[in-house]
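Visitor: Construct the entire structure; sequences and hints are all you get.
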Amino acid sequence: MELTPKAQSVELIRQSQNILILTHTDPDGDALGSVLALRMVLQRLGKKVDAVLDGLVPTSLSYLPGYTEVKDKTITPSNDLIITIDSRSTGEELKLGYKKIVDEHRIQIVITPPKGALMPEDVKVERSLPKYDAVIVLDCTGFDRIGPIYNEFPDLFFETPTVSIDHHVTNSYAAKVNWVDMTATSTAEMLVALIEALGRGENLLDEEVATCLLTGLITDTGSFQNMSTTPKSLTVAAQLVAAGAKHQEIIERISSKSLTTLKLWGRALAKIQENKDLRYVWTELASSDFADLGLPEGDDGSLIDELLKSATDVDFVFILKETDEGIKGSMRSVAKDFDVARLAALFGGGGHKVAAGFRVEGDLESTRGEILTKIDATLQAAPVLVTPIIAPTS
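Under the UniProt record's numbering, think of the first position of the sequence shown as 1, with each following residue one higher.
Keep in mind that the hints were calculated from the coordinates and are not lab data. Glycine is no exception: its CB is placed at the ideal position from the N, C-alpha and C atoms. Worth double-checking, as some hints may not be accurate.
Claimed, not checked - Heads up, simulated BS3-like pairs for lysine-lysine below, C-alpha to C-alpha not over 25 Å straight-line:
| id | residue 1 | residue 2 |
| --- | --- | --- |
| 1 | K176 | K6 |
| 2 | K48 | K6 |
| 3 | K232 | K131 |
| 4 | K73 | K48 |
| 5 | K336 | K276 |
| 6 | K271 | K257 |
| 7 | K95 | K115 |
| 8 | K309 | K271 |
| 9 | K257 | K176 |
| 10 | K6 | K47 |
| 11 | K99 | K73 |
| 12 | K131 | K48 |
| 13 | K47 | K131 |
| 14 | K336 | K309 |
| 15 | K6 | K232 |
| 16 | K47 | K71 |
| 17 | K131 | K73 |
| 18 | K124 | K95 |
| 19 | K131 | K71 |
| 20 | K124 | K100 |
To be verified - Cβ pair distances, simulated, as ranges:
| id | residue 1 | residue 2 | range |
| --- | --- | --- | --- |
| 21 | D86 | E370 | 38 to 44 Å |
| 22 | A117 | T74 | 35 to 41 Å |
| 23 | I272 | K232 | 31 to 37 Å |
| 24 | L118 | G326 | 36 to 42 Å |
| 25 | I82 | L3 | 33 to 39 Å |
| 26 | G294 | R253 | 17 to 23 Å |
Guide: What follows is the structure in structure tokens.
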């Protein structure tokens with residue numbers, strides 16, 4: 001009998017001793033909480049674990065156990081050096097030798113081909129790939145959303161078994177094992193079942209792990225106020241609170257905003273615009289807005305969720321944020337049957353029906369008009385409605 005994706009994930013993790021955990025760039029509460037929770041659990045099971053993040057890591061989540069340990073963690077190549085030689089024109093029976101230049105403390109490697117001559121462009125020297133038994137990618141729709149790690153070490157994702165654990169409808173199913181549950185409110189919700197399976201009767205859901213996972217649930221459901229909230233998510237939340245999750249601290253930390261953040265919100269609200277015919281509200285933040293207030297680019301204190309709470313008589317809301325890496329768009333559904341993931345996909349982004357995002361190159365002045373035009377044309381052509389989702393077999 002073929003194993004389910006969940007069972008395959010459990011089996012691969014059990015068989016692996018050296019594991020790398022990744023998530024999407026600019027991790028949110030679900031991504032960071034999931035990474036930290038799984039990292040702690042696997043370490044307690046005696047595994048060697050690296051967790052690497054990319055982009056803006058919200059300081060509002062600094063209360064999470066393990067935050068400081070992973071915030072600035074980078075991936076480290078092995079100590080091996082690999083020399084790759086293109087031998088198509090010389091033949092493969094190469095003779096290798098070396099000689100020491102003692103006075104200069106150097107070693108020369110000599111490569112003699114059986115015919116012809118090797119040119120410098122035929123030889124590539126690089127650090128060896130990091131040594132991992134498995135790469136686990138959490139809350140991420142595709143490898144291209146991980147960030148520079150995927151670009152710097154692409155072979156790592158093809159030579160090492162990969163597991164994708166995600167709840168987004170736009171997942172690309174690029175991993176070897178893809179456990180994608182589009183009925184789950186968050187990846188953190190899925191990890192509760194995974195951790196129980198890994199424990200084999202041992203309770204691994206302690207206060208620290210539960211706090212990380214409940215953070216993921218709360219942030220992805222908008223404190224259980226948005227349309228993605230389900231009876232199961234409430235049941236899982238109750239289980240995490242019973243396990244010791246600090247739910248009051250979580251709510252206080254993610255709800256409290258600094259005066260600087262409130263000033264940033266004031267700038268965004270002053271620019272807010274409404275398209276009454278196509279039923280949406282949007283605003284923008286320029287890079288200068290963040291710089292003037294001394295805030296990291298893109299760190300808006302979850303403004304999109306506040307905008308969602310106050311928006312009425314529209315189908316969706318979105319924010320455009322200008323950063324050094326381009327324009328970052330964040331979208332949220334207001335109407336129950338509206339699917340913002342389909343709009344985000346217009347710009348190569350994704351997410352799920354109630355919350356999605358995208359990134360495009362350029363600045364606000366050069367991209368704003370194009371983004372609005374494409375959104376308007378899509379809305380005028382046909383309704384952007386939710387496609388019913390069938391629960392997978394877990």
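Visitor: Could you run down the list of hints and mark each one as holding or not?
Guide: Hints, one by one, checked against the model:
1. K176 - K6: holds (12 Å)
2. K48 - K6: Satisfied, since the Cα-Cα distance of roughly 22 Å is no more than 25 Å.
3. K232 - K131: violated (38 Å)
4. K73 - K48: Judged against 25 Å, a Cα distance of about 15 Å means the pair holds.
5. K336 - K276: Judged against 25 Å, a Cα distance of about 18 Å means the pair holds.
6. K271 - K257: Measuring from Cα to Cα gives roughly 20 Å; hence the hint holds.
7. K95 - K115: Holds: K95 and K115 sit about 11 Å apart, inside 25 Å.
8. K309 - K271: holds (18 Å)
9. K257 - K176: violated (41 Å)
10. K6 - K47: This hinted pair holds, its Cα atoms lying about 19 Å apart.
11. K99 - K73: violated (38 Å)
12. K131 - K48: Holds: K131 and K48 sit about 11 Å apart, inside 25 Å.
13. K47 - K131: holds (14 Å)
14. K336 - K309: holds (14 Å)
15. K6 - K232: holds (17 Å)
16. K47 - K71: holds (20 Å)
17. K131 - K73: Cα-Cα ~16 Å, so holds.
18. K124 - K95: holds (17 Å)
19. K131 - K71: Measuring from Cα to Cα gives roughly 21 Å; hence the hint holds.
20. K124 - K100: holds (22 Å)
21. D86 - E370: 38 to 44 Å: holds (42 Å)
22. A117 - T74: 35 to 41 Å: For T74 against A117, whose Cβ atoms are near 39 Å apart, the range 35 to 41 Å holds.
23. I272 - K232: 31 to 37 Å: Cβ of I272 to Cβ of K232: about 35 Å, so the range 31 to 37 Å holds.
24. L118 - G326: 36 to 42 Å: Between L118 and G326, where Cβ atoms are some 41 Å apart, the hint holds.
25. I82 - L3: 33 to 39 Å: holds (35 Å)
26. G294 - R253: 17 to 23 Å: Check passed, 21 Å falls within 17 to 23 Å.
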